[in-house]
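Model the full structure from these sequences, guided by the hints.
Line by line, the protein sequences give chains A and B. So in the working numbering, the last spot in the first sequence is 570, and the numbers never skip. So in the working numbering, the last spot in the second sequence is 570, and the numbers never skip.
Hints are supplied without guarantee of correctness; some may be wrong.
[As the list claims (entries may be wrong)] Cut-off 25 Å, straight-line C-alpha distance, at most; resulting in silico cross-link-like pairs (BS3-like, lysine-lysine):
no.: 1; chain 1: A; residue 1: Lys361; chain 2: B; residue 2: Lys528
no.: 2; chain 1: A; residue 1: Lys570; chain 2: B; residue 2: Lys400
no.: 3; chain 1: A; residue 1: Lys528; chain 2: B; residue 2: Lys400
no.: 4; chain 1: A; residue 1: Lys570; chain 2: B; residue 2: Lys570
no.: 5; chain 1: A; residue 1: Lys420; chain 2: B; residue 2: Lys570
Keep in mind the hints are simulated off the structure, nothing from the lab. These numbers come from a predicted model, not from an experiment.
There are 2 protein chains.
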Amino acid sequence: MDLFGGIEAGGTKFVCVAGSGPDDIRMEERFPTTSPVETIGKMVAFFQHAEKKLGKKFVSFGVASFGPVDLDTSSPTFGFITSTPKPGWKNTDLIGPLRKTFGVPVGFDTDVNGAAIGEGMWGAGKGLKHFIYITIGTGIGGGAVVDGKPLHGLIHPEMGHMLLPHDWDRDPFEGHCPYHGDCFEGMASGPALKARWGVSADGLPANHSAWDLEADYIASALQNLIAVLSPQRLILGGGVMQQEQLFPLIRGKLLEKMNNYFQSPAILNRMAEYVVPPGLGNQAGMLGALAMARNEIEK
Amino acid sequence: MDLFGGIEAGGTKFVCVAGSGPDDIRMEERFPTTSPVETIGKMVAFFQHAEKKLGKKFVSFGVASFGPVDLDTSSPTFGFITSTPKPGWKNTDLIGPLRKTFGVPVGFDTDVNGAAIGEGMWGAGKGLKHFIYITIGTGIGGGAVVDGKPLHGLIHPEMGHMLLPHDWDRDPFEGHCPYHGDCFEGMASGPALKARWGVSADGLPANHSAWDLEADYIASALQNLIAVLSPQRLILGGGVMQQEQLFPLIRGKLLEKMNNYFQSPAILNRMAEYVVPPGLGNQAGMLGALAMARNEIEK
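Given below as structure tokens:
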């Protein structure tokens with residue numbers, strides 16, 4: 272079996288993995304995201320060590336990164352983190368060091384597109400041509416697969432920054448997004464929940480009214496995603512979605528909001544298979560990076 | 272020059288055109304959408320007459336239709352209008368009669384995807400891989416081109432049914448969409464304007480406060496489209512967008528709402544080229560159908 276390298280480059284931690292798929296993870300390491308020099312140094316060192324220890328060369332890598340990133344393969348800064356507010360990380364080349372050290376192809380995409388690609392190869396998106404992976408955690412982001420390929424566009428989607436209905440009488444919280452206040456991320460991310468209720472998501476009981484409100488915002492966002500992308504499935508991951516009571520609430524509210532407008536049996540009759548947790552659980556990001564490495568060889 | 276046939280199949284009228292492009296329209300006919308038998312009969316008769324009069328056979332057709340439609344080429348009802356509320360039109364085969372009569376390929380898509388394809392071939396989307404055409408008129412709909420191809424997905428997008436922020440204090444209008452009340456179409460379509468102000472769009476002076484509010488809803492919708500699809504350009508057509516004073520209002524509000532979050536020069540510095548009217552004016556739909564016919568031969 273060929274050896275692939277995957278890197279889930281997050282704003283808080285990096286996860287590096289060597290192997291070929293969910294059933295063949297041969298080595299794995301996680302470390303906090305500190306300075307670019309230190310973090311990228313650790314990443315390269317891990318894979319050098321892995322080659323020695325496993326007695327095998329890597330055939331390709333996949334990097335699924337926090338953003339914003341440059342995904343334009345014809346750009347001189349392809350593979351860079353661009354205008355991030357994260358101190359020190361602006362204009363950081365994530366793929367150059369891997370290419371230089373190992374001399375093999377390196378795939379590059381957003382963290383959420385990576386997770387979507389992983390779900391498509393091994394998880395809840397398997398066999399589907401059009402689906403969306405959404406993470407609701409520290410931030411909110413979404414990766415879309417359209418016609419079997421991750422959607423990029425001009426830059427890349429930033430689905431957490433959709434503007435949604437906000438009933439100020441019911442919920443006077445002004446929102447937590449520094450750019451847009453009460454956008455999707457501003458109302459429904461983990462930090463937004465904490466800012467509104469004074470407790471983090473983990474600390475709110477499953478029957479707390481917070482979840483009904485949370486499900487409401489998520490359902491509005493999902494209706495918008497259906498209106499714009501018409502996906503075959505919506506996969507919801509991330510820390511906040513560990514609260515499993517959210518799934519039935521979201522499905523119910525989504526059906527109510529859509530009010531039979533989107534006429535497809537997949538939506539009207541099979542909602543439990545339409546809005547689902549990730550098939551790869553919380554490994555979607557890390558395995559997605561590995562899936563991206565595999566795609567580099569197969570394309 | 273080869274002869275192509277285009278049909279813009281609208282809920283109010285059908286436009287049939289014979290030619291090869293914007294500078295080569297050889298015959299054209301419009302008639303109201305009555306019963307399927309009568310309307311489709313007129314469509315077929317027009318093209319039979321055109322073949323005789325022009326002394327040339329059609330090499331292909333393109334049908335850009337009102338919906339919902341079945342776009343799944345592997346489905347037995349591909350080319351059908353499906354669950355429309357329009358009396359008599361449920362489960363109507365639009366392409367069968369053309370195929371049977373003329374024995375040539377028939378392309379099929381939604382009216383808005385058709386317009387997007389036309390704009391891509393000859394209009395404001397020329398040379399772009401990712402853009403969106405939105406029509407704001409009797410209804411609101413959008414067609415997206417992603418990686419050079421019209422986006423379909425599970426059914427097809429219904430961008431008019433996004434849910435948007437609604438400031439009830441500023442605007443107590445409950446919305447005009449029979450399904451969702453105050454969705455995008457419910458707040459910003461032509462009939463919504465008329466229901467709110469008691470006058471149709473044409474009758475509202477250019478400095479009426481209606482336009483500021485209208486631009487506000489449209490700008491929210493555009494931010495959502497940017498968040499989800501990251502297009503290289505947004506093309507706004509349809510009857511309401513004939514009100515040219517809307518363009519600067521929308522651009523200003525969109526920049527304000529986005530608040531520098533989407534970091535691309537195309538968005539930050541070139542807004543006048545980012546949110547634009549159709550290059551084909553109000554012929555985008557009809558020429559789009561012709562462009563679809565051409566695509567049938569070139570694919």
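How the hints compare with the structure:
1. A:Lys361 to B:Lys528: holds, 24 Å
2. A:Lys570 to B:Lys400: holds, 20 Å
3. A:Lys528 to B:Lys400: Not satisfied, since the Cα-Cα distance of roughly 33 Å exceeds 25 Å.
4. A:Lys570 to B:Lys570: Distance of about 22 Å is within 25 Å: holds.
5. A:Lys420 to B:Lys570: Holds, because 20 Å separates the two Cα atoms, which is no more than 25 Å.
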